[in-house]
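Participant: Read top to bottom, the protein sequences are chains A and B. Take any residue in the first sequence, note its place counting from 1, add 349, and you have its number in my numbering. Take any residue in the second sequence, note its place counting from 1, add 349, and you have its number in my numbering.
Just so you know, these hints were derived from the structure itself, not from any lab. Careful, some of the hints might be misleading.
One copy or two, either will do: identical chains are not told apart, so a pair holds if it fits within one copy or between any two.
In silico SDA-like cross-links for lysine to any residue, where the CA-CA straight-line distance does not exceed 20 Å [stated by the list, open to error]:
(1) K527 / L436
(2) K612 / T647
(3) K534 / K639
(4) K608 / E417
(5) K534 / I623
There are 2 protein chains.
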Amino acid sequence: MQINFKEAADFLRENDCYHILTHASPDGDTIGSGFGLCAILRKMGKKANVYCADELPRRYDFIYEGYEPMDFELKTVVAVDVADPKLLGKSFAHYADKVALCIDHHISNTGYAKRTLVEPDAAAACQVIFKLMSSQKLVECDENIAKCLYTGIATDTGCFKFDSCGPETHFAAAELMKFDIGAGKINRRMFDQKSRARIAVEQHVLGSMEYYFDERCSVAAVSLDDMHKTGLPADEFEGIAGLTTVLETVEVGVFIRQKEEHKFKASLRSTGDIDVSAICSKFGGGGHVKAAGCTFETSIEDAKTQIVKAVGEALGEKA
Amino acid sequence: MQINFKEAADFLRENDCYHILTHASPDGDTIGSGFGLCAILRKMGKKANVYCADELPRRYDFIYEGYEPMDFELKTVVAVDVADPKLLGKSFAHYADKVALCIDHHISNTGYAKRTLVEPDAAAACQVIFKLMSSQKLVECDENIAKCLYTGIATDTGCFKFDSCGPETHFAAAELMKFDIGAGKINRRMFDQKSRARIAVEQHVLGSMEYYFDERCSVAAVSLDDMHKTGLPADEFEGIAGLTTVLETVEVGVFIRQKEEHKFKASLRSTGDIDVSAICSKFGGGGHVKAAGCTFETSIEDAKTQIVKAVGEALGEKA
Numbered sequence: 350m351q352i353n354f355k356e357a358a359d360f361l362r363e364n365d366c367y368h369i370l371t372h373a374s375p376d377g378d379t380i381g382s383g384f385g386l387c388a389i390l391r392k393m394g395k396k397a398n399v400y401c402a403d404e405l406p407r408r409y410d411f412i413y414e415g416y417e418p419m420d421f422e423l424k425t426v427v428a429v430d431v432a433d434p435k436l437l438g439k440s441f442a443h444y445a446d447k448v449a450l451c452i453d454h455h456i457s458n459t460g461y462a463k464r465t466l467v468e469p470d471a472a473a474a475c476q477v478i479f480k481l482m483s484s485q486k487l488v489e490c491d492e493n494i495a496k497c498l499y500t501g502i503a504t505d506t507g508c509f510k511f512d513s514c515g516p517e518t519h520f521a522a523a524e525l526m527k528f529d530i531g532a533g534k535i536n537r538r539m540f541d542q543k544s545r546a547r548i549a550v551e552q553h554v555l556g557s558m559e560y561y562f563d564e565r566c567s568v569a570a571v572s573l574d575d576m577h578k579t580g581l582p583a584d585e586f587e588g589i590a591g592l593t594t595v596l597e598t599v600e601v602g603v604f605i606r607q608k609e610e611h612k613f614k615a616s617l618r619s620t621g622d623i624d625v626s627a628i629c630s631k632f633g634g635g636g637h638v639k640a641a642g643c644t645f646e647t648s649i650e651d652a653k654t655q656i657v658k659a660v661g662e663a664l665g666e667k668a
Numbered sequence: 350m351q352i353n354f355k356e357a358a359d360f361l362r363e364n365d366c367y368h369i370l371t372h373a374s375p376d377g378d379t380i381g382s383g384f385g386l387c388a389i390l391r392k393m394g395k396k397a398n399v400y401c402a403d404e405l406p407r408r409y410d411f412i413y414e415g416y417e418p419m420d421f422e423l424k425t426v427v428a429v430d431v432a433d434p435k436l437l438g439k440s441f442a443h444y445a446d447k448v449a450l451c452i453d454h455h456i457s458n459t460g461y462a463k464r465t466l467v468e469p470d471a472a473a474a475c476q477v478i479f480k481l482m483s484s485q486k487l488v489e490c491d492e493n494i495a496k497c498l499y500t501g502i503a504t505d506t507g508c509f510k511f512d513s514c515g516p517e518t519h520f521a522a523a524e525l526m527k528f529d530i531g532a533g534k535i536n537r538r539m540f541d542q543k544s545r546a547r548i549a550v551e552q553h554v555l556g557s558m559e560y561y562f563d564e565r566c567s568v569a570a571v572s573l574d575d576m577h578k579t580g581l582p583a584d585e586f587e588g589i590a591g592l593t594t595v596l597e598t599v600e601v602g603v604f605i606r607q608k609e610e611h612k613f614k615a616s617l618r619s620t621g622d623i624d625v626s627a628i629c630s631k632f633g634g635g636g637h638v639k640a641a642g643c644t645f646e647t648s649i650e651d652a653k654t655q656i657v658k659a660v661g662e663a664l665g666e667k668a
């Protein structure tokens, strides 16, 4: 059942003993939403804890390091930024049909929860929680809540860079920055600082980029052999497909990564009008207009040839 | 003479026939301020043109491509984002003592203009112009004005990332984004897209980085010989010193670039508490706590040795 802000606020006021669930492979928005909502509920005098199926990345420790779980018996399950119960993670599957309230910003939310508060126009789940807190006067904001919600909004918008960021996003950030949250330091940590392994991965991908069709298409490919030879760690490839569109002329970027002996995953990114989900659907894949993927069971060279040909057709070029 | 927003608004209302001057080596903030203020003045029924001593970079063409200079005799000179008359550029030196109004956000503004409206807490000159326009009701904002002012604010804050960005910065952005300015597209162009030459420069600098003191200090050096061999273009090095602090452990980043046969310029960046202007002052240089520079007339190896030793002392390490 879709509910509105008032109904969500009434629900939170009437219930107690919350387990707040983030999605697995947690990012800044789900972590900020989880600990932000937890701080709000505790300030309301409720008992609340945050749970995630996966370990929380160390880079978000400034959000969770002051947190201590409370001792109580679960009565109410709330999920934040979780569009589909599958995203809770395998070890949290038992929660799937017990979610009493889901707060989210994904238009793709499956409606699995008993109550869903979803704002598809919001740039982040943290923006929805900010609106819930302030419009319904749940509590007065404070430094800790502001730090959590700001981090989620900043990380889910690429620091206010993406199309998803709108006037309401900036209004929320303005209100949250009135507290002493050290936003500049948070942003430096979220966006500018990298591990040595990540720098090496980016160097490798940028260095091996090939360009086609007057540099309108770029292709980077990383094989298992490359990873073995260079020692590039598999867990440092998150979001790396975005690097394929750094060159200013590129309209379609392709990142191919070998998963198994004859299995390759291609991730496509579009910077303009080309619908990459249409390209990927030719190979049994799919996704969004600007970001999509597909899988090839062949050689890396053949995968590259096939995908470049399809991109060329989309660009109106002869491959 | 320092003036306030009301006095600046009165001045703009009472005068006409404006030359608006940006600083030389123009950036997004001075260009956005120049064309934004020009659009405001024209909307007020005034005659106004924008001038810059240097050619405007093509990456800002979405700001100035619809602009046509008007034909009129100069009566009033206004400078925007110009903290010191030297920054007008050599060919504009004749304007230096004729600036009737300067609108700026640099605390270091020399007060060279007859009237100065400076807000040192503002993240960008465009933020000051936004406040002037809206608080003094000079004109109703529109898409063109919003596009100019948003671009200046976004570029001068690293897309709302830096410490300089505060609640007022986000409030301004929120108001400006109510117009159909395509902020996501602007940001992609300003922050994500790079030329092939720039990518090559970044690859070279990251690839040649050396680390000292448990990776608390990084040093990258580019000689004239490197530039000659690799074909790296000199005009793609703007802001490259920022790359020296990408590794998460680095507290002081050093970028050394050869300028002439025995002349090297070192640019230092600090990510924490170390005052790099104090380090640079040992070598006759200076700057700010977090960004400073100095010059060496020696060999590149000796320059590196001297600066690493000084950084080591600042870090409390033995070089």
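Participant: Please go over all the hints and tell whether each is borne out by the structure.
Facilitator: Results for each hint:
1. In the homo-oligomer, the alpha carbons of K527 and L436 never lie at most 20 Å apart, since the shortest distance is 33 Å inside one protomer and 34 Å across protomers.
2. Proximity of K612 and T647 under a CA criterion of 20 Å is satisfied intra-copy only: 6 Å inside one chain copy versus 55 Å between copies.
3. Taking CA atoms no more than 20 Å apart as the test, K534 paired with K639 passes between copies only; the shortest distance there is 13 Å, against 30 Å inside one copy.
4. When the C-alpha separation of K608 and E417 is checked against a cutoff of 20 Å, the pair qualifies neither within a copy, at 38 Å, nor between copies, at 55 Å.
5. In this assembly of identical chains, the alpha carbons of K534 and I623 lie at most 20 Å apart only when taken from different copies (15 Å versus 37 Å within one copy).
Hint violations for this structure: numbers 1 and 4, all remaining hints satisfied.
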